[in-house]
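Residues per chain are reported as follows:
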Amino acid sequence: MPQLRMALVLALAFCGLTSATGPAAAAPTAAPADFTGIWVPAERPTDTLAPDKLRMTDRAHAALAAFDPRQHDSTRFCMPYGTPRNTLATAPYPIEIVQRPERLTLIFDRLGDVRRVFLDGRARPDPLWPTWLGHSLGHWEGKTLVIETLGLTKESILNDAGLPHTDDLRVVERLRLESRDGTQWLVDEITLTDPAMYEQPIKVVQRFRRADGATMSEGSVTCLLDQWRQDLERRNQTLAGEPAEKGARP
Amino acid sequence: MIRGAVVPTLKAALALSAVLMSALAAAAPSPPVDFTGVWMPTALGPDGNRNRTWPAMPPMLPAVQKAYDEYRVRADADPEEYDNARSCLPYIMPRPMLVVAQYPLEIQQTSDRLTMIFELHNDVRRIYLDGRTPPSGLRPTWMGYSVGHWEGDTLIVRTTSVRDGTVDQPHGPRLTLTERFRLVRDKDGQTMLEDEITVDDPATYTAPFTARNYFRQRPGVEIGEYFCSEDLWQQNLSGNTTKIPWRNN
Chain A
406 MPQLRMALVL ALAFCGLTSA TGPAAAAPTA APADFTGIWV PAERPTDTLA
456 PDKLRMTDRA HAALAAFDPR QHDSTRFCMP YGTPRNTLAT APYPIEIVQR
506 PERLTLIFDR LGDVRRVFLD GRARPDPLWP TWLGHSLGHW EGKTLVIETL
556 GLTKESILND AGLPHTDDLR VVERLRLESR DGTQWLVDEI TLTDPAMYEQ
606 PIKVVQRFRR ADGATMSEGS VTCLLDQWRQ DLERRNQTLA GEPAEKGARP
Chain B
7 MIRGAVVPTL KAALALSAVL MSALAAAAPS PPVDFTGVWM PTALGPDGNR
57 NRTWPAMPPM LPAVQKAYDE YRVRADADPE EYDNARSCLP YIMPRPMLVV
107 AQYPLEIQQT SDRLTMIFEL HNDVRRIYLD GRTPPSGLRP TWMGYSVGHW
157 EGDTLIVRTT SVRDGTVDQP HGPRLTLTER FRLVRDKDGQ TMLEDEITVD
207 DPATYTAPFT ARNYFRQRPG VEIGEYFCSE DLWQQNLSGN TTKIPWRNN
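Protein sequence lines correspond, in order, to chains A and B.
Sequential numbering of the first sequence, starting at 406, is according to my numbering.
Sequential numbering of the second sequence, starting at 7, is according to my numbering.
Derived from the structure by calculation, the hints contain no laboratory data.
This structure is a prediction, so every number in the text was calculated from the model and none was measured.
A virtual CB, placed ideally from N, CA and C, is assigned to each residue, including glycine.
It is possible that some hints are incorrect.
Stated by the list, open to error - Quick list of simulated restraints, FRET-style, between CB atoms: (1) B:Asp192 / A:Asp452: 51 to 57 Å; (2) A:Pro606 / B:Val227: 29 to 35 Å; (3) B:Asp136 / A:Ala470: 37 to 43 Å; (4) A:Arg529 / B:Thr139: 40 to 46 Å.
Make a model of the complete structure from these sequences and hints.
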């Protein structure tokens, strides 16, 4: 019956109109998988980032030989881990994921790195300046979220040992959920491509165990607090009306 | 379709859409407003006039006022020594909400959470909307512990367990902040986010008082990276380590 069909079409159109107007929140479209929650990274059984397992170029060998953590490790300066080191090397500190249909946000407890993954089909900024967290675009392939990250500064490293990369590093991640041993896992299959440093792409699998009861701290603050504790204590005394002691600064 | 059938068809469509909408609403009670987006704080209120976020003379208790005045004398005489930013430490609530400098705030709203990410200091603030009460025995933090609920189109957020130690905006461990977030229109009809903050701390202030800040939408803007210790890191990379206290760790 054409009238009924037309009524149905119009009814759906009105629904669309109603939800598109006004400040009301758009009804979330169901994502293929929901990664929202707190996750604790598991130790990797074999570390594929061991230098003897990699085919490093001469340039990479030279950079690694010159690596001095006191000078070249950003985290010593309360700077972020950067991508992908935040994902590969901050165990056992948890990560938190906040997922919306058009965005995935990853918050790393260790030093407070925040990664934004855009799922809204936007284009990359041009030019794309290198940053610590990089520029991440994602799309769904079935229940797997595929994320490509570019624009990662060469000032960051891949792991604590100081594996180097250039600004041209390309990080592709395949994120999916997996239930095993009565536990839910987040599996991140990571492929690192940087031909100037590594002759072959590096493949790493990092697993995260769901731990929604865990709490997030204020990681970057902890780092800064440790570095500046004396200064802070002195200023707290100041607040309490105690005279400030000159020369107490570390 | 014949002309005579248009009106009954429209009526049927409207009735059906009403049924469908109520079914949708019953299936997933969506929050009345979505604050998701990038917001830029502004010193100008919706009427276009300059907005003072914090009262010039909040009603401090005499002992607090005395300590504050003494601190001000020292700090004004030696601003470098007393500059908070020098320590790279983040702001303590409610200060992150009262920033008027051009550092954006990003909100990611999900069904049971409002997540705020501040470009300044890269701070993250979590507001739980799932009806929980704050756990007891919390360790005070810079952002405090925030729970919220909707009253119409207004989000009411109560924050406790805020770390003390703010100098410019003093408060003690019994501080309670009550915020009212809502969307308002400025005189040109543009949307603004209003945050009205009531500060209640009987150990510091003689009476509760209200601070207020406004934010403008910045669609299409991506939050940048702000790391306070970037200067030290860059000094280090350029070989100047004299200003890096922990260089020899």
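Evaluated hints:
1. B:Asp192 / A:Asp452: 51 to 57 Å: holds, 55 Å
2. A:Pro606 / B:Val227: 29 to 35 Å: holds, 33 Å
3. B:Asp136 / A:Ala470: 37 to 43 Å: With Cβ atoms ~52 Å apart, the hint is violated.
4. A:Arg529 / B:Thr139: 40 to 46 Å: holds, 44 Å
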